[in-house]
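full-length UniProt numbering applies: residue 1 is where the sequence shown begins, and numbers increase by one.
In short, the hints are calculated from the structure, not lab data. Treat the hints with care, as some may be off.
[As the list claims (entries may be wrong)] Derived pair list, reagent style EDC-like, types lysine to aspartate or glutamate, alpha-carbon separation capped at 20 Å:
1. LYS420 <-> GLU378
2. LYS292 <-> ASP376
3. LYS47 <-> GLU91
4. LYS271 <-> ASP249
5. LYS6 <-> ASP90
6. LYS588 <-> GLU513
7. LYS363 <-> ASP398
8. LYS508 <-> GLU434
9. LYS508 <-> GLU457
10. LYS47 <-> GLU60
[Claimed, not checked] Ranges of calculated distance between the beta carbons of each label pair, as one might list FRET restraints:
11. LEU341 <-> GLY552: 53 to 59 Å
12. GLU573 <-> PRO621: 18 to 24 Å
13. GLU517 <-> LYS462: 22 to 28 Å
14. ASN385 <-> VAL165: 43 to 49 Å
15. GLY302 <-> PRO231: 43 to 49 Å
16. ARG300 <-> GLY568: 17 to 23 Å
17. MET432 <-> ASN385: 25 to 31 Å
18. PRO585 <-> GLU512: 20 to 26 Å
19. GLU382 <-> PRO585: 45 to 51 Å
20. LYS530 <-> LYS588: 19 to 25 Å
21. LYS588 <-> ARG300: 50 to 56 Å
22. SER246 <-> ASN417: 46 to 52 Å
23. LYS200 <-> MET432: 51 to 57 Å
All C-beta atoms, glycine included, are put in the ideal place defined by N, C-alpha and C.
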Amino acid sequence: MTAAQKETRGFQTEAKQLLHLMIHSLYSNKEIFLRELVSNASDAADKLRFEALKNDALFENDSELKIRVSFDKDAKTVTISDNGIGMSRDEVIEHLGTIAKSGTAQFLENLSGDEQKDSHLIGQFGVGFYSAFIVAKQVEVFTRRAGAAASEGVHWSCDGEAEYVVETVEKESRGTEIVLHLKDDSADFADGWRLRSVIKKYSDHISIPVVMQKDPMPAPEGEEPQEPAEPEDEVVNTATALWTRSRSDVSEEEYKEFYKHISHDYSDPMKWSHNRVEGKLDYTSLLFLPSKAPFDLYNRDGNRGVKLYVQRTFIMDDAEQFLPLYLRFIKGVVDSNDLSLNVSREILQKDPNIDSMRAALTKRVLDMLEKLAKNDAETYQEFWNEFGQVLKEGPAEDYANREKIAKLLRFASTHTNEAKQDQSLESYIERMKEGQDTIYYVAAENFNTAKSSPHLEVFRKKGIEVLILSDRVDEWLMGHLMEFDGKKFQDVAKGSLDLGDMDTEEEKKAQEESEKEMASLLERSKECLKDSVEEVRITHRLTDSPACLVVGDHDMGAQMRRMLEQAGQKVPESKPILELNPEHPLVKKLDQEPDEDRFADLITILFDQANLAEGGSLTDPATYVQRLNKLLLELSN
Numbered sequence: 001m002t003a004a005q006k007e008t009r010g011f012q013t014e015a016k017q018l019l020h021l022m023i024h025s026l027y028s029n030k031e032i033f034l035r036e037l038v039s040n041a042s043d044a045a046d047k048l049r050f051e052a053l054k055n056d057a058l059f060e061n062d063s064e065l066k067i068r069v070s071f072d073k074d075a076k077t078v079t080i081s082d083n084g085i086g087m088s089r090d091e092v093i094e095h096l097g098t099i100a101k102s103g104t105a106q107f108l109e110n111l112s113g114d115e116q117k118d119s120h121l122i123g124q125f126g127v128g129f130y131s132a133f134i135v136a137k138q139v140e141v142f143t144r145r146a147g148a149a150a151s152e153g154v155h156w157s158c159d160g161e162a163e164y165v166v167e168t169v170e171k172e173s174r175g176t177e178i179v180l181h182l183k184d185d186s187a188d189f190a191d192g193w194r195l196r197s198v199i200k201k202y203s204d205h206i207s208i209p210v211v212m213q214k215d216p217m218p219a220p221e222g223e224e225p226q227e228p229a230e231p232e233d234e235v236v237n238t239a240t241a242l243w244t245r246s247r248s249d250v251s252e253e254e255y256k257e258f259y260k261h262i263s264h265d266y267s268d269p270m271k272w273s274h275n276r277v278e279g280k281l282d283y284t285s286l287l288f289l290p291s292k293a294p295f296d297l298y299n300r301d302g303n304r305g306v307k308l309y310v311q312r313t314f315i316m317d318d319a320e321q322f323l324p325l326y327l328r329f330i331k332g333v334v335d336s337n338d339l340s341l342n343v344s345r346e347i348l349q350k351d352p353n354i355d356s357m358r359a360a361l362t363k364r365v366l367d368m369l370e371k372l373a374k375n376d377a378e379t380y381q382e383f384w385n386e387f388g389q390v391l392k393e394g395p396a397e398d399y400a401n402r403e404k405i406a407k408l409l410r411f412a413s414t415h416t417n418e419a420k421q422d423q424s425l426e427s428y429i430e431r432m433k434e435g436q437d438t439i440y441y442v443a444a445e446n447f448n449t450a451k452s453s454p455h456l457e458v459f460r461k462k463g464i465e466v467l468i469l470s471d472r473v474d475e476w477l478m479g480h481l482m483e484f485d486g487k488k489f490q491d492v493a494k495g496s497l498d499l500g501d502m503d504t505e506e507e508k509k510a511q512e513e514s515e516k517e518m519a520s521l522l523e524r525s526k527e528c529l530k531d532s533v534e535e536v537r538i539t540h541r542l543t544d545s546p547a548c549l550v551v552g553d554h555d556m557g558a559q560m561r562r563m564l565e566q567a568g569q570k571v572p573e574s575k576p577i578l579e580l581n582p583e584h585p586l587v588k589k590l591d592q593e594p595d596e597d598r599f600a601d602l603i604t605i606l607f608d609q610a611n612l613a614e615g616g617s618l619t620d621p622a623t624y625v626q627r628l629n630k631l632l633l634e635l636s637n
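Work the whole structure out from these sequences, hints included.
This is the structure we're talking about:
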């Protein structure tokens with residue numbers, strides 16, 4: 001055998017780290033190795049069936065797809081084999097020596113070193129082939145891709161350390177055979193009863209038959225056991241596509257294990273919806289709501305979508321055309337009787353039936369979430385904590401369902417003054433003051449900045465609730481969520497504040513008089529700050545602070561502007577508006593200041609402080625400090 005046919009290779013760094021974590025963090029649930037390897041074998045059978053639609057010769061005169069599980073108690077081995085698509089040498093190196101998942105490095109950075117916490121992170125990443133090393137001290141893989149010559153078989157071997165060996169071997173049959181050499185503390189898996197019970201528990205729903213050799217019948221007492229002339233096989237699982245069965249025939253545990261099969265998640269799903277549609281369109285859907293967010297949830301370009309089947313034949317993973325991007329966390333299966341077996345992603349994008357199915361499936365997910373929010377607020381809050389930021393992308397992407405999505409949104413607010421996002425828009429409206437016809441909100445880059453914003457002062461004084469927005473997506477969300485239940489949204493830091501009937505006639509009259517009395521102050525301030533502000537005016541929103549900054553009605557908010565600038569994006573030029581509180585002692589003293597240079601220093605300090613109060617940054621911090629020190633020295637003399 002030549003050196004080219006056999007080589008020792010090192011693992012990709014990420015694969016090595018994940019392998020170590022797998023071995024040390026999931027030891028408490030060893031059984032999952034069998035679920036994962038049987039699931040992979042099922043996927044391999046599905047992929048062969050799909051490729052064989054165009055090339056029937058790939059079946060190699062063996063179209064009866066199945067998965068075989070066997071064991072050798074004396075040798076302490078368990079073997080899982082399939083006659084699915086198999087792998088070429090390059091595919092073995094790609095799939096077993098590397099982890100081709102976007103965001104892997106970021107995922108590994110999040111690991112804490114706490115095995116219990118990290119095991120949950122692993123579930124979000126996906127367990128897969130590496131779970132074999134939970135029970136095995138050595139793993140061997142023998143595989144040949146369907147359609148390749150017998151001489152192109154591949155043998156892969158690894159003891160779970162830094163390296164693996166790959167070599168070319170003869171393999172008559174297509175597919176993959178995985179041999180696990182069990183660790184001493186996992187030798188109990190080399191047992192027929194144990195393996196059958198694990199398969200029934202985790203893989204009963206697999207649509208491909210999982211077969212094992214029948215245990216010999218016990219001999220009558222006093223007689224020697226008779227070996228059967230030929231070993232007999234039996235199918236261990238139900239071997240029927242779970243989604244084709246009636247909901248009443250599927251147990252809760254079967255739904256949970258099927259979810260883990262299609263998602264490779266370690267946790268149970270939070271909720272699911274199983275539905276059959278007949279009529280103009282004929283399809284079945286089984287959609288799952290995960291309980292934990294995947295590690296790459298915020299990667300909008302990552303793999304997403306449901307598994308697509310046509311007439312029970314697997315077509316593709318990650319069929320993203322059936323659900324919008326803001327529902328990318330949903331996992332599941334769609335099985336259509338109307339689509340062609342030769343359907344492709346390009347065809348899916350142009351088929352009008354797909355648009356109808358997408359609309360119906362989107363509505364089904366939103367209805368499932370609405371029902372969960374109504375019937376189990378505590379569980380819905382758990383969902384929101386995991387997926388709320390992604391759902392906030394919905395109003396911008398799905399105009400038709402904007403109102404339904406808005407009902408599902410949750411926010412922090414001054415009602416509780418806590419960072420927890422647990423207030424719905426419906427509950428906000430129920431608490432609105434008499435005469436209030438607007439939903440008010442304040443946005444900032446973090447909760448504490450938003451909660452402490454001077455713009456909230458008049459609202460606290462009048463007992464008017466304000467939503468507190470601090471997620472990066474929030475200002476973008478509000479740009480597309482114009483109203484809810486007939487009530488318009490108003491950013492308290494944008495434009496002129498008009499509280500309508502909630503301001504008394506006396507308050508309105510006092511405001512008008514203040515504007516007249518302070519006309520000279522406003523003119524002087526505007527002249528000093530002409531390069532920094534669009535306008536200087538009297539405020540109606542402050543009670544304690546001397547000044548605040550607001551933006552024009554149609555200008556970009558401060559939070560969005562800072563976020564785009566940090567990302568290196570070009571933002572439209574605009575200047576803020578400085579509002580002064582005429583009742584504040586500093587402003588009154590400022591109005592009486594005769595020295596123009598000193599006046600310029602004072603008004604500039606107020607402007608910079610208003611900027612800082614909003615979470616902004618100073619363009620010239622050194623000059624700000626000099627002005628402030630100068631003022632402090634004057635006060636101390």
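Of the numbered hints stated previously, which ones are contradicted by the structure, given in increasing order? Result: no hint breaks.
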